[in-house]
Each structure stands twice: as structure tokens, then as C-alpha cells.
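S.K.: Just need the whole structure built from these sequences, with the hints factored in.
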Amino acid sequence: MVRTSLCIAVAFCGMMESVYSQEKDATSVPYDDLKKEISLLRSKLDSLTSAQIVTGFGVAGEEGLERLEKRLQELERKVDAVSRSTAAIVFNPRTTAFMNVAARSDNLKVLDATGEAKIDNRPFLRTIELDFRAPVDPYAEAVAIIAIEDEAGTGFAIDPEEAYGLLKRLPILESAPLGMKVKIGKFRAPLGVNNRLHMHDLPWTTRPLVVSKFLGTEHGEFFESGYNPVGIDFDFFLPNPIPGTTLEMNADIVKSGELALSQGGETDQPAFIGRLNLSADWNNEHIVFLGASGYTEGGPSSTSLFGLDLTYKWAPSERRAARSFVAGGEIFFGRHTFEDTSFAQITRKPYGGFGYLQYQLSYWLYVGGRYDWVQEPADETITSRSWSFYASYYTTEFLRFRLGFERQQNDIQNLNSVLLEVNFVFGSHPTEPYWVNR
Amino acid sequence: MHSQYRALALVPLLLLANQVLDAQKKLKVVTTLNYLRYIVEQVGGDKVDAIALANPKQDPHYVTPTPRMNQLASDADLFVENGINLDLWAKNVVDASGNPKIQRGNLGQMTATINVPLKELPLEVSRAWGDIHPQGNPHVWLDPLNVRIIAENIAERLKKLDSPNSDYYESRLGSFQDRLDIAMFGEDLIKAIGAKAGDILVRKARNDELGEWLKARKLDSKLAGWLRDAEKFKGVKLMSYHKTYIYFCDRFGLQIAGELEEKPGIPPPPQHRDAIVELMNKERIRIILNDNFYSRDASDYIASKTNANVVVTYIEVGATPEIDTYEKVISYLVDEIAQAAK
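Line by line, the protein sequences give chains S and X. Each residue of the first sequence is one higher than the one before, starting from 0 at the first, in numbering that gives the first Met the number 0. Each residue of the second sequence is one higher than the one before, starting from 0 at the first, in numbering that gives the first Met the number 0.
Just so you know, the hints here were simulated from the structure itself, not pulled from any lab data.
Straight-line alpha carbon distances no greater than 30 Å define the calculated DSSO-like cross-link-like pairs of lysine-lysine that follow:
| no. | chain 1 | residue 1 | chain 2 | residue 2 |
| --- | --- | --- | --- | --- |
| 1 | X | 27 | X | 327 |
| 2 | X | 236 | S | 34 |
| 3 | X | 90 | X | 262 |
| 4 | X | 327 | X | 195 |
| 5 | X | 190 | S | 43 |
| 6 | X | 214 | S | 43 |
| 7 | X | 195 | S | 69 |
| 8 | S | 69 | X | 158 |
| 9 | X | 46 | X | 24 |
| 10 | X | 236 | X | 221 |
| 11 | X | 118 | X | 56 |
| 12 | X | 233 | S | 34 |
| 13 | X | 90 | S | 182 |
| 14 | X | 159 | S | 69 |
| 15 | S | 69 | S | 43 |
| 16 | X | 231 | X | 195 |
| 17 | S | 34 | X | 203 |
| 18 | X | 217 | S | 43 |
| 19 | X | 281 | X | 118 |
| 20 | X | 195 | S | 34 |
| 21 | S | 182 | X | 27 |
| 22 | X | 118 | S | 69 |
| 23 | S | 43 | X | 233 |
| 24 | X | 56 | X | 341 |
| 25 | S | 69 | X | 46 |
| 26 | X | 158 | S | 34 |
| 27 | S | 69 | X | 203 |
| 28 | X | 118 | S | 34 |
| 29 | X | 233 | X | 118 |
| 30 | X | 118 | S | 43 |
| 31 | S | 43 | X | 195 |
| 32 | S | 185 | X | 90 |
| 33 | S | 43 | X | 221 |
| 34 | S | 34 | X | 159 |
| 35 | S | 69 | X | 190 |
M.R.: Structure, rendered in C-alpha cells:
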């Protein structure tokens with residue numbers, strides 16, 4: 000009797016496997032059925048095991064039971080593996096879309112950075128970013144972030160915001176010295192903290208003035224700005240004598256001439272970027288980052304930039320989704336030497352920076368402010384200042400509304416603007432920590 | 000010349016010493032969550048150095064990856080994740096660690112919950128349902144029977160990474176599972192059944208046949224441990240803030256009437272609170288489970304309108320100084336719910 004039951008059970012197991020292979024691409028319901036069937040088999044196996052314990056039925060019976068047990072375990076593993084996958088699409092890149100819409104109301108006529116497009120008192124679909132990422136093979140991962148950007152109301156341009164491969168290891172090098180990661184392609188350069196954030200991650204509606212004026216912009220700080228050259232980035236840990244802290248370094252070689260400060264002075268020589276980042280983290284509640292960044296390029300005209308940044312983040316362990324605080328600031332000192340039309344050597348040494356605070360009042364609501372000051376790279380005697388205050392309302396991390404007021408002051412005029420922004424994130428978003436805790 | 004021979008003679012000694020040192024070298028294991036660290040320590044004993052990245056008081060969904068974590072993982076031999084889209088932040092740490100051994104597809108990276116039977120697999124995967132987990136509910140460790148499987152998975156991986164100590168890991172796995180079985184079913188019952196008692200009881204419990212099976216064998220009076228304690232609240236309905244307790248409640252016979260969150264990951268809006276008050280009063284539900292890392296505001300408001308008890312729950316090892324083992328996590332939940340159900 001016991002042997003007959005065993006045979007039936009083993010035959011049922013075989014049948015189950017063929018059912019499993021046929022149902023591989025179906026929804027989770029068949030998996031649940033399979034799991035129930037396996038559960039029944041388990042039950043039968045237990046009855047047989049109990050019978051064995053009570054009566055005993057020899058070595059052959061025990062071996063049969065062991066075989067059945069192994070078979071069941073295999074089936075359970077397969078069902079589990081299939082329920083965790085999603086059929087043929089698993090090799091497609093993870094795709095996320097970020098859509099940012101903003102409107103502004105101003106007390107003065109406002110032109111974009113080119114001086115050609117009028118941008119005051121109107122709405123803009125500022126950017127749609129499509130983020131694709133997937134492992135290439137066991138050694139590398141690739142990321143392509145394609146931005147469809149508003150050209151200050153005159154149309155849209157398609158740009159690779161970032162597109163790079165990240166080498167994790169090589170067949171010939173199983174362990175990387177100092178935990179080195181190598182990024183190759185086009186990426187937001189490690190100059191300060193803000194430059195590495197995308198528009199949809201910013202805690203404000205506009206870029207800080209120093210980022211758009213020193214690092215790069217096409218249409219001004221209201222539109223996507225920053226510095227994202229083509230090159231290679233080496234990111235590694237440095238031995239650190241200060242206990243409880245982490246010291247990281249980036250060393251980059253990039254195409255020269257693309258930094259706003261260098262004013263298009265492209266040469267055959269590459270530009271170099273270095274960044275040191277010292278950080279400390281107390282129970283994931285208090286996190287401090289202290290950074291120093293540098294940029295240099297040679298050639299007929301030379302440009303260098305040095306920056307310091309400090310960021311402090313706080314979020315409690317408990318009620319983390321509802322309370323947080325961030326404070327930070329960045330300062331940049333630029334130097335650009337070139338020959339004017341009369342071949343005289345001119346050196347410009349502008350500097351600028353910004354500081355900000357942000358406090359989270361509830362799960363949904365954040366408030367904050369920022370102060371900017373910057374000297375014009377082409378003429379240090381002209382200084383711009385800006386005060387801005389914002390309230391951001393999140394329904395979830397995927398949908399944000401923001402209302403802000405910004406007062407920009409320079410030697411010529413005072414511009415007051417009310418800014419309204421909506422940000423949508425949809426798709427299988429990558430596991431980036433969105434700004435503070437979203 | 001003699002000194003050269005002496006130096007040559009030292010070479011095999013040095014090689015031997017090197018081998019001895021290698022054999023004594025502990026595996027460095029980094030885990031995302033603290034319950035995983037605890038299991039690694041139970042199975043790995045003094046052959047491993049284990050460290051968890053998350054603060055045990057924190058919501059495991061919302062851990063901020065930091066450079067400190069990246070550096071901790073940079074020389075790990077094994078990186079253990081819960082998976083099932085809970086500790087998604089782990090990928091940032093693994094990527095930024097620059098450690099080739101723990102990248103996906105290598106022996107040094109593992110998802111500990113493989114083979115665990117998952118619950119609440121969604122039939123429709125859409126953000127319209129909130130922060131759902133496409134692969135099922137990830138809070139699997141709140142069922143001790145699942146922890147047995149997780150411990151097996153970890154033991155298998157340790158054996159592969161450190162095969163000379165396979166027997167050691169196997170033996171420690173057995174001891175840990177025995178401790179869990181005793182805590183779950185009671186020592187008398189385990190002894191009464193004898194060989195493979197743990198395996199048999201676990202299967203019966205998993206198939207919801209344990210009660211009948213024990214009665215048929217007149218062993219039901221010997222049942223003790225968590226399952227005996229849980230009989231005090233068997234069938235009791237309760238509310239939970241988040242979908243954290245499906246595995247715990249299914250195992251210990253509790254019924255979840257609903258969640259305070261209207262949809263996973265989204266705090267309860269006022270109109271949803273009122274609907275819950277109505278439901279709780281109608282069905283005489285008197286217990287609300289509120290994870291320590293979620294706000295108590297909604298629970299307290301609802302409790303004030305329903306005379307319910309708010310049980311502040313801890314789901315991680317080390318969340319308080321007293322709850323420093325996995326067994327204490329389960330004991331705490333069982334005791335607190337039993338108290339609230341009185």
C-alpha cells in the first residue's frame with residue numbers, strides 16, 4: 000500500500016513538472032495552484048513518513064521517500080524562481096520617465112540666457128527624462144538618460160543627459176583596488192553636490208545661479224543646467240585616518256571647453272576633475288558630507304575652478320517618512336585666463352555660492368529657502384543675488400507639487416517671480432534615494 | 000651558504016602558516032537587515048563576522064544608503080539581502096561598494112528569502128495600488144517557519160564560500176533550527192515525536208494540518224511554545240498600520256481586518272480613518288498593530304473612537320535593547336498581542 004502510494008506520488012510529481020513548464024508564462028494564479036498542489040504532495044509525503052516512523056518499511060521505502068523529498072524541493076525552487084521573474088521582459092532595461100512642468104509669473108519682462116526667448120509669465124513643459132538602465136553582462140551596467148528639454152519655449156531638443164557604462168569588475172581583475180568603480184561616457188560631473196542632481200530631484204524649482212553661470216546652462220537657471228561632459232570617472236575609497244568617517248575620491252578626465260566658465264575655449268587637451276568627499280553617518284539619522292572639488296584645463300586659454308560644499312541631513316529612525324531636515328551650501332572660486340582681441344592676457348576671478356535649508360513638516364509637506372550670490376564670469380563687478388522660498392507637497396514620492404517665490408536682484412533690476420512646478424515620475428523607477436528620503 | 004638554506008627551509012613553513020591563517024580568517028558578511036545578521040551569526044558562529052547596515056529602529060523600506068555603508072560592503076565576502084523589493088536600497092550599496100565579489104551573479108551576493116512561500120502576490124501590478132511589492136509581501140521573517148528556510152539558504156551559501164567548514168555550518172544550522180522548533184512547538188512535543196520531529200511539525204503547520212494531526216495522535220496536550228501561547232488570541236481580528244503582519248497572523252491564527260494605510264506606503268487620509276472607525280466598531284475589533292517606525296497619530300485617533308489597544312510593534316532584532324534576538328521579536332509580538340486581546 001505504501002509502495003503504491005509512493006509510485007502515485009512520484010508519478011504525480013512528474014506530471015506536475017510538465018504542468019509547470021506549460022504554465023511558465025502565465026500570471027501568478029497558476030503559481031498559486033501549483034503551490035497548493037505541492038502542498039498536497041507535502042502532506043502525502045508526511046503521511047508516508049509517519050507511516051514509516053510507526054511501521055517501518057525498509058531501506059527501499061526510505062530511499063523512495065528521500066527521492067520524493069528531493070523532487071519536491073526542486074519543484075518548490077522552480078515555482079519560486081518563476082514567480083519571482085516576469086517572463087521574457089526581464090532582460091529589458093528598467094525604464095522610468097520623469098516629467099517636469101513649471102509655470103512662472105513675473106513682475107518684469109524676462110529673457111532666457113541666450114537673450115532671444117521671452118520666458119516670463121508662461122508655463123513650460125521643462126523636461127521629460129527617460130531613464131534606461133540594465134546590467135550589460137556580469138562585468139558592467141549601462142545607464143542612458145535621454146532628456147527632451149524645452150528650448151525656452153522655442154521648441155524641444157533631445158539630449159543625452161547622461162549615458163555611461165559602469166565597470167564593476169573585469170575577467171582579468173577580480174578585485175578592484177580601493178573599491179574602484181569606473182564610469183565611461185557622458186555623466187554629470189562630480190563638481191559639488193548640486194551638479195549631480197537631476198532637475199526632478201532638486202529641492203527647488205530653479206538651479207542655483209552659481210551652477211548655471213559657472214558650470215553650464217543653455218537657457219538659464221529656470222531650465223536644466225549643469226555640467227555633464229564626456230569622459231571617464233574613477234571613483235574609489237581612500238584610506239582614512241579619522242575614525243567613523245568615510246573618505247572617497249573621484250578623479251576624472253573629460254573633454255575640455257564645455258564648462259561655462261571656460262567660455263567655449265575648447266582645446267585638444269583634456270580637462271581634469273578631482274573631488275574629495277568626507278562623510279560621517281550616525282545610525283542613518285545624522286549624515287554629514289564635506290566635499291572639495293577642483294577642475295582644470297590648459298591650452299591657449301586656461302580655466303580652473305575650486306569648490307567647497309557642506310551638506311547635513313537629519314531624519315529620525317522612527318517616523319522617518321514624516322520628518323527630516325537638510326542644510327547645505329556650496330561655494331565656487333573660478334579663474335579664467337585668455338587673450339583678448341589685442342592679445343593682452345586677461346584673467347577673470349569670479350566667485351559665487353549658495354546656502355539652503357529645508358524642513359519636512361509632515362509626510363506630504365516640505366518647506367525651505369535658498370540664498371544665492373554670484374559674480375558674472377565675464378565681469379566680476381556685476382553681482383547677482385537671489386532669495387527664494389518654497390513649499391513642496393508630495394502625494395507620494397512619484398508626484399510632487401511645488402509653489403515658490405523668488406526675488407532676484409542685480410545691479411540693474413529686481414525681479415520677483417512666483418513659480419509653480421509639478422513633477423511626475425512613472426515607470427520602474429531606479430532605486431535612487433530621492434533627495435532626502437523620497 | 001648555510002643561512003641561504005635556512006631561509007629556503009622557512010618557505011614551506013611560511014606557506015603553511017599562510018594556509019593556517021587563511022583557514023582561520025573569518026568570512027565578512029554584510030546584511031541589509033538585522034534579523035539577517037542574527038541568522039548569519041547563529042549559523043556562522045565564530046567563522047563569520049556579520050554586520051547589518053540598517054538601523055533596527057528604521058523602516059526597512061526607507062534606509063538612506065550612505066558612503067559608510069558602501070565602505071562596509073567594499074571588502075565583504077558575502078552580502079545578504081531580504082529581497083522581494085523590500086531593501087531596494089541595497090543595490091545602491093552593492094553598486095557603490097566597488098566590491099566585485101558581491102555583485103549580482105556572484106557567490107558573494109544572495110537573496111536570503113529564495114524558496115520562501117510568498118503571500119499577497121498581486122494579480123495587477125500598478126502604482127495605482129500604492130507601494131505594492133510585485134513579488135509578494137516581503138515581511139516573510141515574521142513567520143518563524145520561513146526563518147528556518149532563510150537559515151537553510153544562508154547555511155548553503157556559507158558552505159559554498161567556506162567549504163572546509165561545511166560540517167560546522169550544518170551543525171550550527173541544525174542547532175538553530177532545533178531552538179526555533181522548541182520555541183515554536185515546545186520541547187515536550189518535539190521529544191514525543193522523536194526523529195525529524197521539527198521537519199514533520201513544520202510541514203504540518205505549513206499545511207494547516209497541525210491541530211488535527213496532533214489530536215489524531217493524542218499529542219495536542221504536549222503543544223507548547225509560541226503556538227500554545229497564540230491559542231489565547233486564535234481567531235481574533237485586528238487592524239495593522241501597514242501590510243506588515245500577514246505572515247505572522249496567518250501562522251498564529253489572527254485575522255487581519257484591514258490596514259490603516261488606505262494603500263501601502265500612503266498615510267491614512269481622514270476619510271479612511273473614519274471608515275476604519277466604523278468598521279472596527281461594527282466588528283468589535285480592539286487591537287491595532289502600529290510598527291514603531293510609523294506615526295501613532297492615526298492609530299491613537301482611531302483608538303480614541305473605538306476603545307482599541309494600540310500595540311507598538313518591533314519587527315527587527317535590536318530595535319530595543321531587550322529585543323536582541325529573533326526569538327525575542329516573536330515572543331514580544333505574541334505576548335503583546337495576547338495582552339491586548341485580554
